[in-house]
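Starting from two chains that each stand alone, build the complex the way the hints lay out.
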Amino acid sequence: MNEQEVAVAEIDRLYEKLFREAESAGYHLNPDVEFTKGLVKSLIINERRYGYRACPCRLASGKNKDDLDIICPCDYRDPDLNEFGACYCALYVSDAVRKGEKKAGSIPERRLPPAERGKETREEGTGLTGLSLPVWRCKVCGYLCAREQPPEVCPICKAKKDRFGRFM
Amino acid sequence: MTVVHIPGKKSRHIVLHALSTCGWCQRTRKLLDDLGVEYDYEYVDLLQGDERERAIKEVSSWNPSGNFPTMVIDNKKCIVGYREDEIREALQK
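Going line by line, the protein sequences match chains S and R.
Quick note: the first sequence uses the numbering used here, first residue 17, plus one each step.
Quick note: the second sequence uses the numbering used here, first residue 13, plus one each step.
Next up, chain R with everything else stripped away, as it sits in the complex (with noise of 0.2 Å):
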């Protein structure tokens, strides 16, 4: 499994980088589900070789303590953790 589209509203452009066991990682897709907004996703933790190499360093280029979730608004704006406010407001300007 690699990125996954979630299909929504077209708002900004979010990509989620997430952990398939991560308790905050669900919150945050249930609130993007919730907002229906259009994202993707990938879940680096089942990702395997190059591919969770190259995940593991698009995250650490936007978030160097490399932790998740690490959420990428139109390739300029980077949320790290489950800061509700914070990812609903940037998805409302």
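Isolated chain S, as found in the complex (with noise of 0.2 Å):
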């Protein structure tokens, strides 16, 4: 089966999960449907060719460990709607772009370019806190919880566990 070759039912299936779960959580589809279909589409290819959903709008690497932090919803997805109204591809835009109020563009990309990757300062926290347990910090949406372990799936924006770091 070609690549680019998607079932209309299956792209609508993906669409309507992931539009329940950006409302249930304070995030939001672009309204313009039939460009965010068009994205919803080459999540689906993406996910065939790397095995997870990379950003449709970045070069993937393929390798899922150097891939995470483009893995959507991205790490920039937050910051990239609070400054632009929009993630660097306009699949999750801000309320403002979502009532017709401002309008969603081509941003500038915000991670860092290939050979900079990997250098940025680790924010990890130490753990050297006196808490009686570990806290973790989903990078996506920046949620907060304190347990041996983060969760398998953030329960705010559905990011996998690998998706979490150590912030205290």
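FYI, nobody ran anything at the bench for these hints, they're computed from the structure.
There could be a bad hint or two in this list.
Okay, derived cross-link-like pairs now, DSS-like style, lysine-lysine, Cα gap no bigger than 25 Å in a straight line [unchecked claim]:
1) S:Lys118 with R:Lys42
2) R:Lys21 with R:Lys69
3) R:Lys42 with S:Lys53
4) S:Lys53 with S:Lys118
5) S:Lys119 with R:Lys42
6) R:Lys69 with S:Lys79
7) S:Lys177 with S:Lys118
8) R:Lys69 with S:Lys81
What follows is a list of derived Cβ distance ranges for each label pair [said to hold, decoys possible]:
9) S:Ala23 with R:Lys69: 53 to 63 Å
10) R:Asp45 with S:Arg29: 26 to 36 Å
11) R:Lys69 with S:Leu147: 40 to 50 Å
12) R:Lys88 with S:Arg163: 36 to 46 Å
13) R:Asp62 with S:Arg65: 14 to 24 Å
14) S:Ala131 with R:Thr14: 20 to 30 Å
15) S:Arg36 with R:Arg100: 37 to 47 Å
16) R:Gln60 with S:Asn98: 13 to 23 Å
17) R:Ile18 with S:Glu32: 45 to 55 Å
18) R:Lys22 with S:Gly181: 36 to 46 Å
If you're wondering where the values come from, they're calculated on a predicted model, not measured in any experiment.
For every residue, glycine included, the Cβ atom is placed at its ideal position computed from N, Cα and C.
Structural data, given as structure tokens:
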């Protein structure tokens, strides 16, 4: 089967799921449904190609470890929503964009270029705080929880366990 | 698949480095199609091995961030992202 062929029903199913998850957590999909479904189709293509939903608007390496920060929703979505009213792809938009008060456009890349990646000072906590449990932070949405291990799936943004980092 | 040539009005020498899955890359291609100009494009995500390395290097040489779409006009000017006004203006002159 050609990788680019995705059944309309499959696109619609994922679109509905992402729409529900977004709205239930205070996020919004781009109201330009045709554009948005194009991106949803690309997410399905990338999931088949790489085994995970890599950002359609960035070049994935195909190595899960190196692509973790750009698995949709990416680590950059929320800062970009705050600053530009849309994520890099404009799959997710702010409430102002959803209501048509502001337009989503092509925005600068927040992710570091390949040569500089991995050099960022780790924000991970040291655990020297005398807390009875470690605190884990979801790198996608900032959700914090104090427990032995992060949850399998972020209850807020549905990011997977490997997107959590030790915060305190 | 490597570089694809789209015939059209001869204007500038346009090379569009893009991703097959990217919404802004699609918009940029549509703009060029609507303008009816001649251009070459390549989908870097569909390239493999040496070809992919070559394409990534070329994009980085114009645009150190290495993001897409990166459009190179006349081997001189580079426009990153779907910047409709900027693209229209660059192609008019």
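Hint check results:
1. At most 25 Å may separate the alpha-carbon atoms for a hinted pair to count; lysine 118 (chain S) and lysine 42 (chain R) meet this at roughly 23 Å.
2. At most 25 Å may separate the alpha-carbon atoms for a hinted pair to count; lysine 21 (chain R) and lysine 69 (chain R) exceed this at roughly 29 Å.
3. A threshold of 25 Å between alpha carbons decides the hint, and for lysine 42 (chain R) with lysine 53 (chain S) the separation of about 17 Å falls inside it, so the pair holds.
4. Restraint check for lysine 53 (chain S) and lysine 118 (chain S): the C-alpha separation of about 20 Å stays at or below 25 Å, so the hint holds.
5. Taking the CA atoms of lysine 119 (chain S) and lysine 42 (chain R), the gap is near 19 Å; set against the 25 Å cutoff, the hint holds.
6. Simply put, lysine 69 (chain R) and lysine 79 (chain S) have alpha-carbon atoms about 19 Å apart, close enough for the 25 Å limit, and the pair holds.
7. Between lysine 177 (chain S) and lysine 118 (chain S), the direct Cα distance comes to roughly 34 Å. Violation of the 25 Å bound is thereby established for this hinted pair.
8. For the hint linking lysine 69 (chain R) to lysine 81 (chain S), the alpha-carbon distance of about 22 Å falls within 25 Å, and the restraint holds.
9. Look at alanine 23 (chain S) against lysine 69 (chain R): about 37 Å separates their beta carbons, and that is not inside 53 to 63 Å.
10. The supplied range of 26 to 36 Å is met by aspartate 45 (chain R) and arginine 29 (chain S), whose beta-carbon atoms lie about 30 Å from each other.
11. For lysine 69 (chain R) paired with leucine 147 (chain S), a C-beta distance near 47 Å keeps the hint of 40 to 50 Å intact.
12. Under the hint 36 to 46 Å, the C-beta atoms of lysine 88 (chain R) and arginine 163 (chain S), about 56 Å apart, miss the expected range.
13. A hinted range of 14 to 24 Å for the beta carbons of aspartate 62 (chain R) and arginine 65 (chain S) is consistent with their spacing of about 20 Å.
14. Distance hint check: the CB atoms of alanine 131 (chain S) and threonine 14 (chain R) are about 25 Å apart, consistent with the given range 20 to 30 Å.
15. Arginine 36 (chain S) and arginine 100 (chain R) have their C-beta atoms about 38 Å apart, which keeps the hinted 37 to 47 Å range intact.
16. For glutamine 60 (chain R) paired with asparagine 98 (chain S), a C-beta distance near 37 Å fails the hint of 13 to 23 Å.
17. Hint check: isoleucine 18 (chain R) to glutamate 32 (chain S), Cβ distance near 35 Å, so the stated range 45 to 55 Å is violated.
18. At about 53 Å, the beta-carbon gap between lysine 22 (chain R) and glycine 181 (chain S) misses the expected band of 36 to 46 Å.
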